[in-house]
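Chains A and B are the protein sequences, given in the same order. The first sequence begins at 9 in this note's numbering and counts up one residue at a time. The second sequence begins at 18 in this note's numbering and counts up one residue at a time.
Hints listed in this document are in silico derivations from the structure and should not be mistaken for laboratory results. Values in this document were obtained by computation on a predicted structure and should not be read as measured data. Note that CB positions come from ideal geometry on N, CA and C, so glycine has one too. Watch out, some of these pointers could steer you wrong.
As the list claims (entries may be wrong) - Chain B stretches covered by chain A per the calculated footprint, using a threshold of three residues with CB under 8 Å from any CB of chain A:
1) 33 to 40
2) 47 to 59
3) 221 to 228
4) 244 to 258
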Amino acid sequence: MQDAAAVAQRSYRVGEARSRRVMLSPALTVLVVGLVCPLIIVLVYSFLEAGTYGGVEWRFSLEAYQQFLFQRDIFDDSLSFSTAYLEIFGRSLFMAVLATAVCLAIGFPTAYFIATRPPEQRMFWVFLITVPYWVNLLIRTLALLFIIRDQGPINAALQGLDMIDAPLRIAYTDFAIVLGLAYSYLPFMILPIYAALERSDTRLVEAAYDLYASKARVLVDVVIPGAKAGIIAGAILVFIPSIGSYLAPDILGGGRELLAGNLIAQQFQASRNWPFGAACAVILMTVVMLGLIQFVRSQERTRRGEMR
Amino acid sequence: MSHATRIDRLRSYPGFGPLTIICLTFLYAPLLVVSVYSFNATRSITEWGGFSFDWYVRAFNNPTIRDAAGNSLFVAVCAATLATTLATMAAISLLRGPPLKGQTGAVSLVSLPLMVPEIITAIASLIFFVTIGVPLGFVSLIAAHTVFCIPFAYLPISARLSGIEATLDEAAGDLYASRADVIRTILIPLMMPGIASGFCLAFIVSLDDFIIANFVSGPGSTTLPVAIYGLARIGFTPEINAVATLMLAVSILFVGLSWFLGRKTTQIN
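In isolation and in its complexed conformation, chain B is listed as follows (with noise of 0.2 Å):
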């Protein structure tokens, strides 16, 4: 079936294409003016008084909002990690070979940090630490951002190793590879594209979440997304918009590399 005659199938309607526009400026217009005031040279949030880069000095010497940015980067490091290595491990015992007893359990077992509201997960997560005494801090706070990533470092991986084809680890076996030989020397270095890209997702989920963070962290473990709202509780700041900015970077330049790791995936396939 040619593109041509595909796109002559589904015809255009009226009106769908000013509407995507709208969807997308829906989507970007509170970002892109958050960013540009973040620039602005005066305190007022209001009027436009001249390009600066002031707000992101002043929120780069504050020490509330410079610790809680190291809390939250020491987090998301060792919480994706973590998901990345249980999730290719995961993905290599579920999609290499026949179908495993429960293995229908397994994978929705796999996905269930989605399919649980974020909210729940929080206060299960806080009952559970309490009950079972771990105190809260960094600990408590690794531990459940690894569970929540799983799911998020599975996808691209699990998308990656499909497309790896049996018959490599198959011909590898016929030669007298061991199951650890192949993956060694084979499935891992093929998936890498996939595992960063997973690692990169897991990162920014790590790094985003407020709302887990909020209920888990103890008071040395205090996240820059919880350090904001403490500090938006207290009123909008330019300062704010500068950290707002500078996070929305990262979660840009993250969700780009992972994006162009999976694409290398599929020109590959």
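So here's chain A without its partners, still in its complex pose (with noise of 0.2 Å):
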């Protein structure tokens, strides 16, 4: 009896998976057309040869990554190690490491003071967090400018106290360009961990106080270690849009250093190189996918320590 109804379940099932593979199939068309043969488009230029007015030539050449490590010389043709943009995805990568550190110093208390708030008044505060994620990040950039620039309301009012005489320089420098990239990323930092809190088990903190473990222990033996899914999550998902920020660098930096964002983003605009913007975008999309890796090689690693 029971064999013959699974019989029948699975035979039902079988018809039903044509149908459904019919069914996902527009989305995953629109998907590997829309995204997957551009980014493999996107390889394949960066190693065609650079039109004269820009576009490509179709002939094979390694010039785009030469360029990132080599300059010409435009008088003997001789080429000669060069680290500038190298230095630029590494200021990159410098950048979007602090920001992420920044986000990580601010957003592991914000969660953990969410873990800790009534339930019922939790996804409130959630909700808090989430709004300005949402929030257009062109605005958002141009909001914070607004608030950092010479004459903005920061500087009025600590002029407006007598604690300094001139206004203090925040807009335009280095220190404004990872202001604007935790600004623009916190929200991804604080959710992962809330939920990495909120799941943790709980009873391990007991068992630590009962065995009278100090605050501080608790915090970095258990609560900590129970929660690093979340921060690994919360770094990766910071770390990823903020190596290839184009906006916060832009605006907050005033377009003065580039970085890896801006420099592909350059390319395309006034230098109309392609190729190497091309070839530029797969050494980013490289790093990016070595965090990516690394992230799910993380999540495996908890889920198996969770199953034992």
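Could you use the hints to bring the two separately framed chains together as a complex?
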């Protein structure tokens, strides 16, 4: 009886599988055509020659990657090692790491605070954290510039209180860029940490207190390890958009010092060197992929740890 | 486990509360300041000269801003509708029944737009449209936004769908309802709050996007963020503050709506 039912169920499902695939195909087709293909074309373009008036010449060339590491002498055409572009990527990496650290420093206590609120209040706190994320990033970045400008409210207030004589230079500095990145992606840090804290096994916390652990010990040895998956998820979610960011360096840094995102954009705007832009995009994507692989690995490790 | 004991277990630490306040101030203060200054009567963006709606009137009468706002709305409605439809179909096929062949791959493909830095999505779309010969304009913009919006629509829709008991569609199947009937008469109506919530998120994501639009919109299809960026390049004006405040209000309205619909989802479960 049960077997017959199972067989019927299975045959019903086998027939279903085809119609499910048909229904799934439009979304997958759009994603493959609209994103996977363009990404492959970027990879292909990075191995082509730059056209004289923008675009590409369809000839295989490693010129774009060469340009990333070497400078071609305009007189004798010789190549010499140059760190200019490596420095831009290094600075992007450094600022993304700094922004991630700032987000973690503010985000962890906030997530912990929310997790310790009464359950009926927590959703509201989460909502408060989520709202700014959905506000236009351009507007948020401009708003941040508006308040940190030389004539902005922060400087006006500090000068009004006679704390400083000349306006504090915050806008158009590297500090402003890091501040902007942290401001842009802070909710990405808080939400996964909060989720991890809420799921974590609080019996361990109780056990630690029963064994006379201090509050600091409990935080370092029990709470933080318990929320590790969330912390890693948050760090990745802040790091990835930060390293490719375009708006924060463009608006808050005044566009003076390039970061990876701006360098790539520039190749498709003023500089018109598509293969070089594509090569930079491939390099950036590789860095992001390495981060993602690390992320997936650590998630799997925690999952395996939980099962044990 | 009662809630009271949970709170006791996770004890609070000194300084975490104040840090949370600092965090929220950091997130909200710039937005508040911009909104307040959009009502400033004087042209000065540093001194307060009384309350006025002048800058809103001016922004509404600025043809560049008005056209761009119209374009943005048109693109967002089209892209969100397409993305929501695709995401709904994908969610039903992925979450109902045993895992399909290549299920994991399909799920990661749906979330791929979230993994790629936006600037790369933007230039990849630009190169793609130029290579296949699609002129930059509404078509390229709507196509690029649809792709980008799919994961945002998919998240609330799939969350809602996994909350609907599979016994409901199995029961209907036992009563000889076809799969199409089950989807039309049972799943879609029950999924409606999730679908609406997904539409809201996709709509804001499209409306808010600057980077992709900056690269794939043509001369006649400039969206509002692209127009604001152009204006802000010239210099800060209270007019920009007014438009920014309006966009802020629209975003908050839609997120609020999406959150409200999503909350209804959890209540039903």
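Now the hints, each set against the structure:
1. 33 to 40: holds (count 6)
2. 47 to 59: holds (count 5)
3. 221 to 228: Answer holds; 5 residues pass the 8 Å Cβ test.
4. 244 to 258: holds (count 6)
Every hint, counting from the list given before, is met by this structure.
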